[in-house]
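Enquirer: As a plain string of letters, each chain reads:
Number of protein chains: 2
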Amino acid sequence: MRERTTSNLRAQAANRGPRAAERIYEATLELLTEHGYQGLTVEAVAERSGVNKTTIYRWWPSKAPLLRSALLHSRVLDVEIPDTGTLRGDLIALAGQMMRLVGDQRTGAVARAMLSDGAQGELATVARDFFADRLERERPLFARAVARGELAATADPVLLIDLIAGAVWMRVLLRQSPAGEGFVESVVDVVLAGLRA
Amino acid sequence: MRERTTSNLRAQAANRGPRAAERIYEATLELLTEHGYQGLTVEAVAERSGVNKTTIYRWWPSKAPLLRSALLHSRVLDVEIPDTGTLRGDLIALAGQMMRLVGDQRTGAVARAMLSDGAQGELATVARDFFADRLERERPLFARAVARGELAATADPVLLIDLIAGAVWMRVLLRQSPAGEGFVESVVDVVLAGLRA
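If you read the protein sequences in the order shown, they are chains V and E.
Mapping of the first sequence onto my numbering: position 79 corresponds to residue 79, and the numbering continues sequentially without gaps.
Mapping of the second sequence onto my numbering: position 81 corresponds to residue 278, and the numbering continues sequentially without gaps.
Since the hints were derived computationally from the structure, they do not count as laboratory data.
Some hints here could point you the wrong way.
Said to hold, decoys possible - Which bits of chain V does chain E cover? Going by a derived footprint, with three or more residues having C-beta under 8 Å, they are:
| # | stretch |
| --- | --- |
| 1 | 72-84 |
| 2 | 127-134 |
| 3 | 187-197 |
Said to hold, decoys possible - DEER-style ranges, computed between Cβ atoms:
| # | chain 1 | residue 1 | chain 2 | residue 2 | range |
| --- | --- | --- | --- | --- | --- |
| 4 | V | 156 | E | 354 | 22 to 32 Å |
| 5 | V | 19 | E | 278 | 51 to 61 Å |
| 6 | E | 282 | V | 88 | 32 to 42 Å |
| 7 | E | 354 | V | 105 | 22 to 32 Å |
| 8 | E | 373 | V | 185 | 26 to 36 Å |
| 9 | V | 34 | E | 322 | 46 to 56 Å |
| 10 | V | 83 | E | 258 | 29 to 39 Å |
Ideal Cβ placement from N, Cα and C applies to all residues, glycine included.
Next up, chain V with everything else stripped away, as it sits in the complex:
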């Protein structure tokens, strides 16, 4: 993860953003959770991050692309796409990271804030991009499982992720009930057994 993050930041610095990218991203996510998307402004991000407003505007013309970059590239929301050698191991590791992200006070608040704008509007588009990006990053995990003969080539990885991630969101964010020892393993085992049946 560290390596990916570092190379990400390097890419930011080189191509897509200022060197203070991570500070800007974290300020953006904080302000989103404190004031909602309506209340998020580039001015406030500049003030919170201590980066000049014109510098921010040089890279992001408005708050929507800024938030998009923050969601896609902030270290805070980063997940490591696991490669444990088995599909079960990979999915348990991935679901464990999801648990931590939605269960953590700071990143859980980001997750909830992403939903607040409904199905229309700029924030909804940004949220959709976030989940599409995650899925693209997860695809190699499934390709490896197919190559190892652990998953049928016809299996639908989106359905599989929706079941696993959905159960995590439902238990932690919606039901707000303790997941309990072995929750992630049970979720993965039911889904894998179901797909293979």
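Put chain E on the given structure of chain V with help from the hints.
Expert: Relative to the frame of chain V, chain E by itself:
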């Protein structure tokens, strides 16, 4: 559903609330989605519903119990607990209702608004009560499946619902991607096959 709803409203009228209960509930849910929980006030509910403020305060001392009643008893959010004769049929019918609720613009907005207050605070408690109430109402469906020999008595109905409802929320509200023909059936079939494996 009609019978349950009618008897609910009758109970409201007789014991717990004014006859205008449903009007008050709908005004409460509308205002929640328009202004968020912070912006929800009993005064605005009175104005929107056309019911006297003192009448509302007679039944609900503050906005938290009012919203709780609206979520638990509003016709808008009601689901019919199906009894089709098979567990698969029941779960497909239930998941289909979840799809409609989160996919509908008005009720989907309520679903998102319920998440906006985080894990602390009054709204979070009310949201938790909502999901706990749903689960209690769904339990007989699982009891019938166990009695018919379709589900092991040791199976965890909460895990099952988290997987099914979670996949619906993830696909419709988070990923905002078309569920497609047969999505609900695929979700239920994977989960049932997985539980029985």
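Enquirer: Does the hinted range 22 to 32 Å hold for residue 354 (chain E) and residue 105 (chain V) at CB?
Expert: Roughly 29 Å apart at Cβ, these two residues keep to the hinted range, so it holds.
Enquirer: May I ask you to test the hint 29 to 39 Å on the CB atoms belonging to residue 83 (chain V) and residue 258 (chain E)?
Expert: Hint violated: Cβ distance 55 Å, outside 29 to 39 Å.
Enquirer: Please check whether the stretch 187-197 of chain V has three or more residues whose CB lies within less than 8 Å of a CB on chain E.
Expert: holds (count 10)
Enquirer: Lying within 26 to 36 Å: is that true of the beta-carbon distance residue 373 (chain E) to residue 185 (chain V)?
Expert: Holds: the Cβ-Cβ distance is about 29 Å, inside 26 to 36 Å.
Enquirer: Cβ-Cβ distance between residue 156 (chain V) and residue 354 (chain E): within 22 to 32 Å?
Expert: For residue 156 (chain V) and residue 354 (chain E) the Cβ distance comes to about 25 Å; the hint holds.
Enquirer: Does 32 to 42 Å hold as the CB distance between residue 282 (chain E) and residue 88 (chain V), or does it fail?
Expert: 35 Å, holds
Enquirer: Given the hint of 51 to 61 Å, check if residue 19 (chain V) and residue 278 (chain E) actually sit that far apart at their C-beta atoms.
Expert: Distance hint for residue 19 (chain V), residue 278 (chain E) holds at roughly 57 Å.
Enquirer: Please check whether the stretch 72-84 of chain V has three or more residues whose CB lies within less than 8 Å of a CB on chain E.
Expert: violated (count 0)
Enquirer: Checking C-beta pairs, does the stretch 127-134 of chain V have three or more residues closer than 8 Å to chain E?
Expert: Our answer is that it holds, as 4 residues pass the Cβ test (under 8 Å) against chain E, meeting three.
Enquirer: Range hint 46 to 56 Å: satisfied by the CB atoms of residue 34 (chain V) and residue 322 (chain E)?
Expert: Since residue 34 (chain V) and residue 322 (chain E) have Cβ atoms about 21 Å apart, the given range 46 to 56 Å is violated.
Hints 1, 9, 10, counting from the list given before, are not met by this structure.
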